[in-house]
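Asker: If you want the building blocks of each chain, they are given just below.
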Amino acid sequence: MKLYLYCLAEGVDRLDKASRGVSGAAVRVIKIDDFSVLVSAYGGDVSAALNKNALAHNAVVRSVFTQTTPLPFRFGTLVEEEQLRSYVKTHRQALKNRLAHVRGCAEMNLRLIGPRKNAPPAPERAQPLGPGTKFLLDKRRELCGEEWRVEQTGELSTWLADKLGDLIRDEKIHLVPAESVLLAKVDHLVDRVNIPQYREKMAKAIAERPELRFMVSGPWPPYSFANIELEFSRQFGVI
Amino acid sequence: MSDFDQMIVGEEWESTDLSLLETLDHVLNRGLVIAGEITISVADIDLIFVGLNVMVSSVETAKDVLRKHETTE
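In the order they appear, the protein sequences are chains A and B.
Numbering of the first sequence is given in my numbering, commencing with residue 1 and proceeding in unit increments.
Numbering of the second sequence is given in my numbering, commencing with residue 1 and proceeding in unit increments.
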């Protein structure tokens, strides 16, 4: 039988109370070396009633988040128990490093939208474009877009570092492609004890940028800082 | 009710809708992945992304963003 995975943590020997997860299945703890993995038996269709199951997944992760900082698995992860044991043993050191990285922390999310600076002029379309011209224009737009993305990410990161200082333990910035507006998603890893201070400083920073609209949410379990595969890929330039 | 806090600057939003969108964004798009073991395919992930990206904007800006996003796909 397959197991549905919720999160991986250290030092969780049992659940505080009987917990129901995806598809109403009972959640239990599997110990593998130093790790505790929260799982439930796979029964039914995970993708059915998506909202309900997604909320159940998050609720189980949050129940552990009250005790410690876990690495949440992505929704919909189903494996055989043997496969899970093999994965944990194979990635033991990377998982330990990742748990150490998020220990004592929570994730805060910031989303902002506003007018895009240095937006390129709208292309003139008086005459139909040939395939060569279209290709070159698309290429130019792609290159300009990448330059803009790097510049804006740097600018945003510098501004946030100035406003939040050493409250940020880790940061991920994702700019969404759009020609005339700036859309950004920022994930911050913050020590739990510093969250009130983070909120306070963020509120002050937001007040200084009336041209932008913001949404801040958190604290979350560190969903955005859990994936060791992505970290590996990034380090080696695969993505 | 939500078990996390939201601070929204700009416009009023239904907090229950935001909570659901936020939760979906986290559990569907983020988290530890065991390669090849995600068993569900959620066709509307992009819609959720876009929904989250525009929810702090006005309706008009949101429409503009969605249109631009579609043309860049």
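Rather than coming from a laboratory, the hints here were simulated on the basis of the structure.
Treat the hints with care, as some may be off.
[What the hints assert, rightly or not] Facing chain B, according to a computed beta carbon distance under 8 Å, are these residues of chain A, among others: (1) Leu8; (2) Ala54; (3) Thr68; (4) Leu71; (5) Thr90; (6) Arg92; (7) Asn97; (8) Gly130; (9) Trp148; (10) Thr158; (11) Trp159; (12) Leu160; (13) Trp220; (14) Ser224; (15) Ile228.
[Stated by the list, open to error] Derived Cβ-Cβ restraints for the label pairs, each shown as a range: (16) B:Leu20 with A:Ala94: 31 to 41 Å; (17) B:Leu20 with A:His174: 13 to 23 Å; (18) A:Pro196 with B:Leu21: 21 to 31 Å.
For glycine and all other residues, C-beta sits at the position ideal for the given N, C-alpha and C.
Asker: Hey, does the A:Ala54 contact hint survive, CB to chain B under 8 Å?
Answerer: holds, 5 Å
Asker: A:Thr90 was flagged as interface toward chain B. Is the shortest Cβ-Cβ separation under 8 Å?
Answerer: violated, 10 Å
Asker: Is it true that the C-beta distance of A:Pro196 to B:Leu21 lies inside 21 to 31 Å, as the hint says?
Answerer: holds, 25 Å
Asker: Is it true that B:Leu20 and A:Ala94 lie within 31 to 41 Å of each other by Cβ?
Answerer: holds, 32 Å
Asker: With chain B as the partner, please determine if A:Trp159 meets the hint condition of a C-beta pair closer than 8 Å.
Answerer: violated, 16 Å
Asker: Let's test the interface hint: is any C-beta of chain B closer than 8 Å to that of A:Leu71?
Answerer: Hint holds; A:Leu71 Cβ to chain B Cβ min 5 Å, cut 8 Å.
Asker: Taking the closest Cβ pair, is A:Trp148 under 8 Å from chain B?
Answerer: This interface hint is violated because 13 Å lies over the 8 Å limit.
Asker: Hint check: is the beta carbon of A:Leu8 less than 8 Å from a beta carbon of chain B?
Answerer: Nearest chain B Cβ about 7 Å off; hint holds.
Asker: Can we keep the A:Thr158 interface hint, with Cβ of chain B closer than 8 Å?
Answerer: Violated, about 21 Å.
Asker: Mind checking the CB of A:Gly130 against every CB in chain B and telling me if the closest is under 8 Å?
Answerer: violated, 20 Å
Asker: Holds or violated: A:Leu160 as interface residue toward chain B, Cβ cutoff 8 Å?
Answerer: Because about 15 Å separates A:Leu160 from the closest Cβ in chain B, which is outside the 8 Å limit, the hint is violated.
Asker: With 8 Å as the cut and Cβ atoms as the points, is A:Trp220 at the interface with chain B?
Answerer: With a minimum Cβ separation of about 6 Å from chain B (threshold 8 Å), the hint on A:Trp220 holds.
Of the numbered hints given earlier, the model fails hints 3, 5, 6, 7, 8, 9, 10, 11, 12; all others are met.
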